[in-house]
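Read the sequence shown against the numbering used here and you will find it ends at 197, with the numbers running on by one and no gaps.
FYI, nobody ran anything at the bench for these hints, they're computed from the structure. Treat the hints with care, as some may be off.
Stated by the list, open to error - Using 30 angstroms as the maximum straight-line C-alpha spacing, the simulated DSS-like pairs for lysine-lysine come out as follows:
#1 K124 <-> K89
#2 K93 <-> K112
#3 K158 <-> K124
#4 K16 <-> K55
#5 K89 <-> K16
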Amino acid sequence: MALLAFVLESVKQDFPATQGAARRRIEDACQSARELGTDIQALSHRLHPSKLEYLGLAAAGAGFCQELATRQNVEIDFHSENIPKAVPKETSLCLFRVLQEALQNALKHSGERRFDVSLKCVVNEIELTVHDSGVGFDPEKAMSGQGLGLTSMKERLKLVDGQVSVASMPQRGTTIHARVPLKSLAKSASSVG
């Protein structure tokens, strides 16, 4: 994509200044290529979050929130508490994906510029909460509608015996709350001994 943007830029330079409309169209194509390159890079990081593997769920979640806040010029208050180092891979990835989806939905639909994210371990389960004070929505309509966001979160969490709940009302904000039990962590710890 960077090469394409470079080629378009050089083609634009070859056009005479009298060809204003053509130069503007090429400039628009250059800008689109640059934006697409940035989007592809961000997508590749989201598809394989190496930070998740190397740093763990809490650090990867904090890093994602920080990167998203910078990229979208919003405020994301991230707080984590008691997250074990040895969270099963599939649980970590599931919660990370739910975090991504919940924040992307909040950015897209809430009308807000500030979001709260909490990740904590309570009595052998990890809880993820994403909250905004935005326009809200009717969760039942959203679950039965065309959007895949909430359905995808629900299906993803089922794979790790987790659950998602949505508290939202028009003009009163939205809270996405996901819970995943750490049964497999307890099993693997007891089978080692």
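Right, here's what the structure says about each hint:
1. K124 <-> K89: The given pair, whose Cα atoms are some 12 angstroms apart, holds under the 30 angstroms limit.
2. K93 <-> K112: holds (28 angstroms)
3. K158 <-> K124: With a Cα-Cα distance of about 19 angstroms, the restraint between K158 and K124 holds, given a limit of 30 angstroms.
4. K16 <-> K55: violated (39 angstroms)
5. K89 <-> K16: It is violated: about 52 angstroms lies between the C-alpha atoms, which goes past 30 angstroms.
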